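Asker: Next come the chains, spelled out residue by residue.
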Amino acid sequence: MQALTNRAKSVDRKPMTFLESIYLWNIFKGMLITFRHIFKKQPTIHYPEQKRPFSPVFRGLHVLNRDEEGRERCTACGLCAVACPAEAITMEAAERVPGEENLYREEKYAARYEINMLRCIFCGLCEEACPKDAIYLSETFAPANFTRTGFIYGKTDLLIPNPKTEAADLAKAKGEL
Amino acid sequence: MIEEVGTTTEGDLVINVGPQHPATHGVLHLVITLNGETIKKVEPHLGYIHRSIEKMCESLTYRQFIYVTSRMDYLSAHINNHACALCVEKGLQVEVPQRAQYIRVIMDELTRIASHELWWGAMAMDLGAFTPFFHAFRERETINTIMEETCGARLTMNYMVPGGVMFDLHPDFQKKVKAFIQQYTSKINEYDELVTGNIIFQNRMKGIGYVTKEDAISYGCTGPVARGSGVASDIRKIAPYDVYDKVEFDEVLETGGDSFARYLVRVKEMQQSIRIIEQLIDNIPEGDFQAKTKAVLKLPKGEFYQRVETARGELGVYIISEGGTTPYRIKFRSPGFSNLSILDHMVRGHKIGDLVAAMGTLDLVIPDIDR
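Sequence lines, in order, name chains C and Z. Per the working numbering, the first sequence starts with residue 19, numbered consecutively. Per the working numbering, the second sequence starts with residue 3, numbered consecutively.
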């Protein structure tokens with residue numbers, strides 16, 4: 019058959035010899051390659067006993083950041099919710115009252131902040147959109163739950179431990195302990 | 003070999019393969035009419051994984067809709083994103099920095115190798131050979147690790163933004179890619195010994211699913227399916243995008259037209275991808291990885307079309323813009339759909355056992371066929 023271009027090379031099609039047609043040699047050759055691999059280094063990682071380190075840019079489940087003094091960074095501006103292609107983020111803003119300066123960094127804060135992890139496509143656009151460095155994608159992944167509502171993460175699930183009062187928890191969450 | 007066979011008559015057997023069948027790689031549903039063991043007709047039924055991605059994209063902004071397209075052809079997610087980013091850039095008339103173009107092309111080719119590796123393993127597994135699957139995944143894992151370090155995810159990379167890439171390369175990137183090239187080239191012989199040169203494998207593939215060049219053109223086949231029949235259809239050669247016009251590589255063409263020819267095209271294409279990466283990896287220019295674009299992208303009123311070569315063939319992105327922040331209408335020309343349409347023509351007259359040998363070489367990804 020003639021090809022439509024002159025760039026083609028034709029496939030080689032020789033008839034089989036008798037030795038080839040009894041297949042035994044080919045089965046043996048294949049088995050030999052497979053057998054050779056018994057003595058080679060194992061590329062398998064025995065998850066969950068062994069775990070592979072993640073790269074710093076890995077996009078896992080979200081966390082909400084606090085600043086060095088343990089105050090919430092999020093100001094409920096809603097830019098992450100606008101940037102989200104999956105419409106997974108909802109929030110409700112509230113105003114800081116006097117006496118709460120140690121809890122929230124700015125005058126406005128998120129009273130309710132929810133991410134639906136079943137809707138999220140882990141694209142990282144919320145992280146890019148955030149002007150306050152409040153939302154980050156962590157290295158945790160593969161969440162498990164019994165109900166669908168359990169996948170709607172509220173503020174208690176998302177916020178990182180307070181570096182002042184819960185320093186041990188934070189170090190554990192970061193994998194330093 | 004292929005004779006004209008009529009439609010269902012009395013005594014014919016109609017069986018369903020799928021939507022849950024290991025050989026269909028997803029939710030493809032084939033209604034097969036059999037006469038004894040001979041296939042009279044194959045009718046693919048679609049719609050099991052329709053997520054209306056085109057409609058969804060109409061309500062998303064030009065920055066957002068790129069990431070939804072990773073879910074179309076998940077094995078070449080990066081190339082899908084590339085097509086969308088190029089189409090938006092065409093509308094915005096943004097000049098992409100050289101560095102970003104180099105990164106994009108290297109990533110494209112890595113994705114292509116990963117996709118062909120998975121196809122190679124799955125294809126051999128369809129035919130009953132289990133070991134190649136593990137061998138393919140061993141190499142694919144290396145690519146996935148590189149992807150994770152650079153892009154942040156292993157499968158749905160989301161590395162593209164209109165105007166460049168999301169962030170700069172990982173410092174170890176070049177070292178890791180070179181290590182992968184070395185690993186891969188040391189394994190090619192093993193691949194050939196294990197599968198390509200195996201007479202049992204060749205006997206099952208040769209002369210199966212014959213497609214002439216006229217048929218390949220008239221059914222709209224692209225990618226390795228068309229190139230296996232001798233139709234030059236590589237978009238990287240026909241309409242080069244980014245830095246594909248600067249690299250040297252051969253468009254792999256086979257004239258056999260059967261399953262084995264399509265198999266050879268893909269195996270050789272992996273080596274061409276390695277060749278492209280080798281040329282680019284040492285010459286990544288310094289500079290910006292992203293062009294400066296506005297925070298809110300607005301395409302001018304008009305129609306924009308961009309096509310790229312994914313691992314499966316030609317992917318076209320067609321955007322109609324009314325001047326707003328979201329596309330008015332978006333259409334994806336997916337390679338899988340046209341490639342699937344030739345299945346009936348390919349396997350008529352063959353035995354049922356040859357169906358998988360023919361279908362496997364089409365490299366079907368169902369979410370790509372049925373968006």
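Quick caveat, the hints were computed from the structure, so don't treat them as lab data. Some hints could be false.
To be verified - Pairwise CB distance ranges, derived in the manner of DEER restraints:
1. Z:Gly-326 / C:Asp-151: 25 to 35 Å
2. Z:Lys-300 / C:Asn-180: 23 to 33 Å
3. Z:Leu-48 / C:Glu-119: 51 to 61 Å
4. C:Thr-183 / Z:Arg-277: 49 to 59 Å
Note that the coordinates shown come from a computational prediction; the quantities given were computed from them, not determined experimentally. C-beta atoms are modelled at their ideal positions from N, C-alpha and C, and glycine is treated no differently.
Asker: Determine for every hint whether it applies to the structure shown.
Answerer: Going through the hints against the structure:
1. Z:Gly-326 / C:Asp-151: 25 to 35 Å: holds (31 Å)
2. Z:Lys-300 / C:Asn-180: 23 to 33 Å: violated (42 Å)
3. Z:Leu-48 / C:Glu-119: 51 to 61 Å: holds (59 Å)
4. C:Thr-183 / Z:Arg-277: 49 to 59 Å: Taking Cβ atoms as reference, Thr-183 (chain C) and Arg-277 (chain Z) lie about 58 Å apart, which means the hint holds.
Hint check: a violation occurs at hint 2 only; the rest are consistent with the structure.
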